Amino acid sequence: MTPPKHILGTFDEALSSLRNNVLMMAGLAERTLDRATKGLLERDDSLCTAAIADDEEIDQLEKQIDKDGIDVLLRFQPVASDLRRVVASMKLSTNIERIADQATNIARRARKLNRHPALPEVEIIIPIQAHAMTMFKDAIDAFIREDVDLGRAVVARDKDLDYMNKMANRKLTDKMGQDPKALRGYLNLIFISRCLERVGDHATNIAEDAVYAAAAEDIRHQTAAATT
Amino acid sequence: MVSLVEMPPETLTQQVPRQNDRPVDETDGATVMIDVRDVDFAYGGNQVLHDVTLEIPPQAVTAFIGPSGCGKTTLLRCINRMNDLIENARIIQGAIYLGGTDINSPKVDVVDLRRRVGMVFQKSNPFPKSIYDNIAYGLRIAGIGKRSQVDEAVEKSLRGAALWDEVKDRLDEGALGLSGGQQQRLCIARALAVEPDVVLMDEPCSALDPIATAKIEELIHDLKKQYTIVIVTHNMQQAGRVSDYTGFFYLGRLIEFGTTSKIFTNPSERRTEDYITGRFG
Numbered sequence: 523m524t525p526p527k528h529i530l531g532t533f534d535e536a537l538s539s540l541r542n543n544v545l546m547m548a549g550l551a552e553r554t555l556d557r558a559t560k561g562l563l564e565r566d567d568s569l570c571t572a573a574i575a576d577d578e579e580i581d582q583l584e585k586q587i588d589k590d591g592i593d594v595l596l597r598f599q600p601v602a603s604d605l606r607r608v609v610a611s612m613k614l615s616t617n618i619e620r621i622a623d624q625a626t627n628i629a630r631r632a633r634k635l636n637r638h639p640a641l642p643e644v645e646i647i648i649p650i651q652a653h654a655m656t657m658f659k660d661a662i663d664a665f666i667r668e669d670v671d672l673g674r675a676v677v678a679r680d681k682d683l684d685y686m687n688k689m690a691n692r693k694l695t696d697k698m699g700q701d702p703k704a705l706r707g708y709l710n711l712i713f714i715s716r717c718l719e720r721v722g723d724h725a726t727n728i729a730e731d732a733v734y735a736a737a738a739e740d741i742r743h744q745t746a747a748a749t750t
Numbered sequence: 046m047v048s049l050v051e052m053p054p055e056t057l058t059q060q061v062p063r064q065n066d067r068p069v070d071e072t073d074g075a076t077v078m079i080d081v082r083d084v085d086f087a088y089g090g091n092q093v094l095h096d097v098t099l100e101i102p103p104q105a106v107t108a109f110i111g112p113s114g115c116g117k118t119t120l121l122r123c124i125n126r127m128n129d130l131i132e133n134a135r136i137i138q139g140a141i142y143l144g145g146t147d148i149n150s151p152k153v154d155v156v157d158l159r160r161r162v163g164m165v166f167q168k169s170n171p172f173p174k175s176i177y178d179n180i181a182y183g184l185r186i187a188g189i190g191k192r193s194q195v196d197e198a199v200e201k202s203l204r205g206a207a208l209w210d211e212v213k214d215r216l217d218e219g220a221l222g223l224s225g226g227q228q229q230r231l232c233i234a235r236a237l238a239v240e241p242d243v244v245l246m247d248e249p250c251s252a253l254d255p256i257a258t259a260k261i262e263e264l265i266h267d268l269k270k271q272y273t274i275v276i277v278t279h280n281m282q283q284a285g286r287v288s289d290y291t292g293f294f295y296l297g298r299l300i301e302f303g304t305t306s307k308i309f310t311n312p313s314e315r316r317t318e319d320y321i322t323g324r325f326g
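Here the protein sequences come in this chain order: A and B.
Okay, so the first sequence: first residue is 523 according to this note's numbering, each after it adds one.
Okay, so the second sequence: first residue is 46 according to this note's numbering, each after it adds one.
Calculated from the structure, these hints are not laboratory results.
This structure is a prediction, so every number in the text was calculated from the model and none was measured.
Treat the hints loosely; a few may be bogus.
As the list claims (entries may be wrong) - Examples of chain A residues lying across from chain B (beta carbon under 10 Å, computed):
no.	residue
1	Pro526
2	His528
3	Leu530
4	Asn542
5	Phe598
6	Pro639
As the list claims (entries may be wrong) - Derived DMTMM-like pairs (lysine to aspartate or glutamate); straight-line CA-CA distance at most 20 Å:
no.	chain 1	residue 1	chain 2	residue 2
7	B	Lys168	B	Glu100
8	A	Lys527	B	Glu262
9	B	Lys168	B	Glu262
10	B	Lys191	A	Glu739
11	B	Lys307	A	Asp556
12	A	Lys527	B	Glu314
13	A	Lys527	B	Asp254
14	B	Lys269	B	Asp247
15	A	Lys634	A	Asp556
Backbone N, C-alpha and C fix where the C-beta goes; we use that ideal spot for every residue, glycine too.
Take the sequences, apply the hints, and build the full model.
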């Protein structure tokens, strides 16, 4: 249910602007991550360069969201759900910026890989990227739609991503032993897999903040026993 | 609950042990200082409180918030029977207990009740007398006439209200010459002089500048170590800063009561959320 508007219209406008900037930032980070991995899989340096170039705009949006958040705290002294949304927005922007940084790292590694013959093992990255991207999108959806169940589901999915990264590391390490000439390429793939695993960690943080914003429930650092 | 019907008028003094006098171990474990039970209150035929029930803990600050006309000041004034002064104003149903004593029992001495439950108003109202006499007045009424005792109590009260250092060299000067914030602290000192258990504050900072407000808020923070404080405020940020518990009133009903932290981060009731976030009022 949409909450009624504030008596202060400018308060609604400020909250709406904050929310829109978070959405815009998330959209840009998603595009950056998508371009970086496409640049890798399609061996397209221009996509990698575009991904790296996006980072600047995302950094600026992070600063803008922090500035707007502080401005809302200062001018309107929000409480209850408004306060949670403002605090969560500011925390989200940090995590989205880190996701964009991971995408930039992936793009840089992809450009290095693209200078050498293609490695068939690059396909290992596809399911990892898909899983990380879905976690990220769903975490943002959970925040925007205030969907506590979806937020919890995203958090639970992080273990799968960790496992996929672990398996990829094992497989690529084995390949390094079998094909030492391509060692540098396999190392780059291990690094990219690790970057995607970190994207999952940031998506988890976003999902946790989404649950806090929607339900005032802090689900961070819960043991496995506590969550079941 | 102790029935007081057969008890003599002085029972309030006996039944509500003065916190100042009580050994620390006796105050430990006390969970309710003021117990409001199912209270309906009306001014003539106009009922303004409906079935209000809440328990106000001792040695803590409890804030009443809500839009104008919601009944928060009426309830505050019920706690020391200030509404007795208004014709046809009465509790229709329910009771208010102070330390287990029904304050509306005919056996209760209302003068003694008001000594035990002090009150500070929206606008500071010092007597047109000297600073010293403002404090000494209540003491003399209470039968304390010995100069040394009065001197001691005046200093203690002014220190308690964080005013001593500012006025100690001009106690004989008129109280009306003090600034608004100092006058309000003088009124708090006057309330403290007779050693109450409870201090009621009805928007005590609404006429003060931010610095004077901060001093009163700091004072409230210090006073709660010794007194039970109930404050009515329209300033939500003030309620958030100074209180441990908050009750939200709307249309004469207590909508929600809980820790201030809970009320201001995650209220249970939609009406509370809408009010404190500024969506109606």
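To see whether the hints hold, each was checked on the structure:
1. Pro526: 5 Å, holds
2. His528: Because about 5 Å separates His528 (chain A) from the closest Cβ in chain B, which is inside the 10 Å limit, the hint holds.
3. Leu530: 6 Å, holds
4. Asn542: 20 Å, violated
5. Phe598: 8 Å, holds
6. Pro639: Hint violated; Pro639 (chain A) Cβ to chain B Cβ min 57 Å, cut 10 Å.
7. B:Lys168 with B:Glu100: Judged against 20 Å, a Cα distance of about 27 Å means the pair is violated.
8. A:Lys527 with B:Glu262: Violated: Lys527 (chain A) and Glu262 (chain B) sit about 31 Å apart, past 20 Å.
9. B:Lys168 with B:Glu262: Status holds; Cα separation ~16 Å.
10. B:Lys191 with A:Glu739: 59 Å, violated
11. B:Lys307 with A:Asp556: 41 Å, violated
12. A:Lys527 with B:Glu314: 17 Å, holds
13. A:Lys527 with B:Asp254: At roughly 30 Å apart (the allowed maximum being 20 Å), Asp254 (chain B) and Lys527 (chain A) break the hint.
14. B:Lys269 with B:Asp247: Measuring from Cα to Cα gives roughly 16 Å; hence the hint holds.
15. A:Lys634 with A:Asp556: 18 Å, holds
The earlier numbered hints that this structure contradicts are 4, 6, 7, 8, 10, 11, 13.
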